[in-house]
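A.B. asks: Sequence:
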Amino acid sequence: MRFPKSKRLLSNRQFKAVLGRNRRAADNLLTLFVAPNDSGSPRLGVSVGRKICGKATVRNRLKRLVREAFRQSQDRIPRGYDYVVMISPSLSNRIKRTENPRKAWAALTFDQVQRSFLRLVEKVFGADRRDGPQSPERNQRSKIEDQN
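Mapping to our numbering: the sequence shown position 23 is 23, numbers consecutive.
The hints are simulated quantities; they were obtained by calculation from the structure and are not laboratory data.
One thing to keep in mind: the hints can contain errors.
Listed next, with one range per pair, are the computed distances between beta-carbon atoms [what the hints assert, rightly or not]: (1) Ala104 <-> Pro4: 16 to 26 Å; (2) Asn100 <-> Ser41: 34 to 44 Å; (3) Arg64 <-> Asn93: 20 to 30 Å; (4) Arg97 <-> Asp75: 13 to 23 Å; (5) Lys123 <-> Arg97: 18 to 28 Å; (6) Asn93 <-> Arg71: 20 to 30 Å; (7) Gly126 <-> Ala17: 15 to 25 Å.
Below are the DSSO-like pairs computed for lysine-lysine, each with C-alpha atoms no more than 27 Å apart in a straight line [what the hints assert, rightly or not]: (8) Lys63 <-> Lys123; (9) Lys96 <-> Lys55; (10) Lys55 <-> Lys16; (11) Lys7 <-> Lys63.
Beta carbons are placed, not taken as given, at the ideal position from N, Cα and C, and that holds for glycine.
Build out the structure end to end from the sequences listed, making use of the hints.
C.D. replies: Structure below.
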């Protein structure tokens, strides 16, 4: 699985379109925004602000971790959606209060980022992640099937 330009959000307009939908989920590590797209494949945008993480080396490492988590999870997330991932401000605040923030950022692992990303996708889309958001009728059918 590669990560070509066709799977990336590149322009400010594309980012704003996703953020403007205001469909999001957050945990103590990441914030995920989601919006449908017309491309038929998932696309990713990553935003890591200077205020959040500080030095460019830290920001670039975090972006690489998020991109790799997305790349390896493409078969487990709904197609036809744009995803914008940001580092949670609460994580940044916790790390800034540590004795050695650089060491704390370096301790963040790929597995933590990937688990967080997939957990947030599940929050946004529900248990059936491959088909995207569930319709009310579908939710009703699955509740009825669960009762039987």
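A.B. asks: Now tell me if each hint is right for this structure.
C.D. replies: How the hints compare with the structure:
1. Ala104 <-> Pro4: 16 to 26 Å: Violated - the Cβ-Cβ distance for Ala104 and Pro4, about 33 Å, lies outside 16 to 26 Å.
2. Asn100 <-> Ser41: 34 to 44 Å: 40 Å, holds
3. Arg64 <-> Asn93: 20 to 30 Å: 23 Å, holds
4. Arg97 <-> Asp75: 13 to 23 Å: 38 Å, violated
5. Lys123 <-> Arg97: 18 to 28 Å: 27 Å, holds
6. Asn93 <-> Arg71: 20 to 30 Å: Holds, since Asn93 and Arg71 (Cβ atoms, about 28 Å apart) stay within the stated range.
7. Gly126 <-> Ala17: 15 to 25 Å: 23 Å, holds
8. Lys63 <-> Lys123: 22 Å, holds
9. Lys96 <-> Lys55: 13 Å, holds
10. Lys55 <-> Lys16: Distance ~25 Å between Lys55 and Lys16 Cα, so the pair holds.
11. Lys7 <-> Lys63: 15 Å, holds
Hints 1, 4 from the list above are not met by this structure, while the remaining hints are.
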